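Student: Here the protein sequences come in this chain order: H and C. Quick note: the first sequence uses my numbering, first residue -1, plus one each step. Quick note: the second sequence uses my numbering, first residue 4, plus one each step.
Wrong hints could be hidden among the right ones.
[To be verified] Which chain C residues stay away from chain H? Per the calculated CB distances, all over 12 Å, these:
(1) Ile39
(2) Pro46
(3) Arg151
(4) Thr167
[Unchecked claim] Here are some chain H residues pointing at chain C (derived, C-beta under 7 Å):
(5) Met24
(6) Ala49
(7) Glu53
Source of the hints: derived by calculation from the structure; they are not laboratory data. Only a predicted model underlies this, so the values are computations on that prediction, with no experimental measurement involved. Beta carbons are placed, not taken as given, at the ideal position from N, Cα and C, and that holds for glycine.
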Amino acid sequence: MGKFKQAVVRDLPEISTASLPDIVFMLLFFFMVATVMRKHTVMVENELPVADQTEKLEKKDLVMDIYVGKPSSRYKNIGNEAVIQLNDKIATLEDVKPFILEQRAATREQLVPFLITSLKVDKTTNMGIVHDVKKELRDVHALKINYTTRQGNVLTNNR
Amino acid sequence: MRRSRPSVNAGSMADIAFLLLIFFLITTTIQSEAGINRKLPPPKDDIPEGFILKRNLLVIELNSKDEIMINDTIRKLSELKRIAMNFIDNGADCNYCKGAKDAHMSIHPDKAIISLRSNRDTGYDAYINVQNELVGAYRQLRNRESMRLFNISYDELKLQYSKTGEIAIKNKLKTIQEMYPEKISEAELKQ
Chain H
-1 MGKFKQAVVR
9 DLPEISTASL
19 PDIVFMLLFF
29 FMVATVMRKH
39 TVMVENELPV
49 ADQTEKLEKK
59 DLVMDIYVGK
69 PSSRYKNIGN
79 EAVIQLNDKI
89 ATLEDVKPFI
99 LEQRAATREQ
109 LVPFLITSLK
119 VDKTTNMGIV
129 HDVKKELRDV
139 HALKINYTTR
149 QGNVLTNNR
Chain C
4 MRRSRPSVNA
14 GSMADIAFLL
24 LIFFLITTTI
34 QSEAGINRKL
44 PPPKDDIPEG
54 FILKRNLLVI
64 ELNSKDEIMI
74 NDTIRKLSEL
84 KRIAMNFIDN
94 GADCNYCKGA
104 KDAHMSIHPD
114 KAIISLRSNR
124 DTGYDAYINV
134 QNELVGAYRQ
144 LRNRESMRLF
154 NISYDELKLQ
164 YSKTGEIAIK
174 NKLKTIQEMY
184 PEKISEAELK
194 Q
């Protein structure tokens, strides 16, 4: 009997966690590389519709973002109608033109023709406000636009 | 007797790394930005209605219930691409088109205009769906012609151009674009 006693007393060997930091670092580096920091705090509901015939928006510094959607739950005091957000604040339709001109002035002259407006419109928005924004853009000759979407099959684009 | 050197305790390294990891996890938006590129018409540039033959015009209407009407009949979204392609590629007077050469549809892709009308109450998602299908129709036709002429798809050419920026590739792209110019007109909204 005494023969086995020793085996009962001995602890299980501890699992080495020395490689844990390596694994975590690997994940960390992946996320650091893949991260695109949000440019703005989006104050409107902004679930983009899906599309599959898309083109990538390159040259991030030449993209002007216009968000359209209903105010998100924190900003319900503004109302329930779809609104426009430029930079970090809710704006009105009249602010679109100055916004574009301002962005244009901040860009080097030879790059101005490559400026592109990215319309980030919530999918539950109606076309009326989108069309109003487009009309403003036409008036200031900001003709290159991009309907920013998520990747996906359009046949599943239901509300 | 050999003494082992004291090792630095690396146990907290994992904690620090986790902290950073969680920070990046939260701030990450992995989706790269992509979307449908469009070019708006310059201001005060309406279609010269009088010059367009009816056969060269495909009217797509989106009503407030998000229904798609093509030439006054309600159609499904899944049919839209095929209808648009048949219309553009009909080519009664076009030597590279492979369409039916129907007498009621477009003469030439260069003449074919798709008019997209929407209502103020149309949903944005319905509108994007239609835009997506129309872009898809043009893209498929362009890919086909590009395969025939240059033995490489239009998408592939575009990718090459964005990487190398060669003039030769740009000219090829231009050739294809001229064969199937995207002519989507968006009329003013109806109330």
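Student: Hint by hint, work out which the structure violates, then give me just those numbers in ascending order.
Tutor: 1, 2, 5
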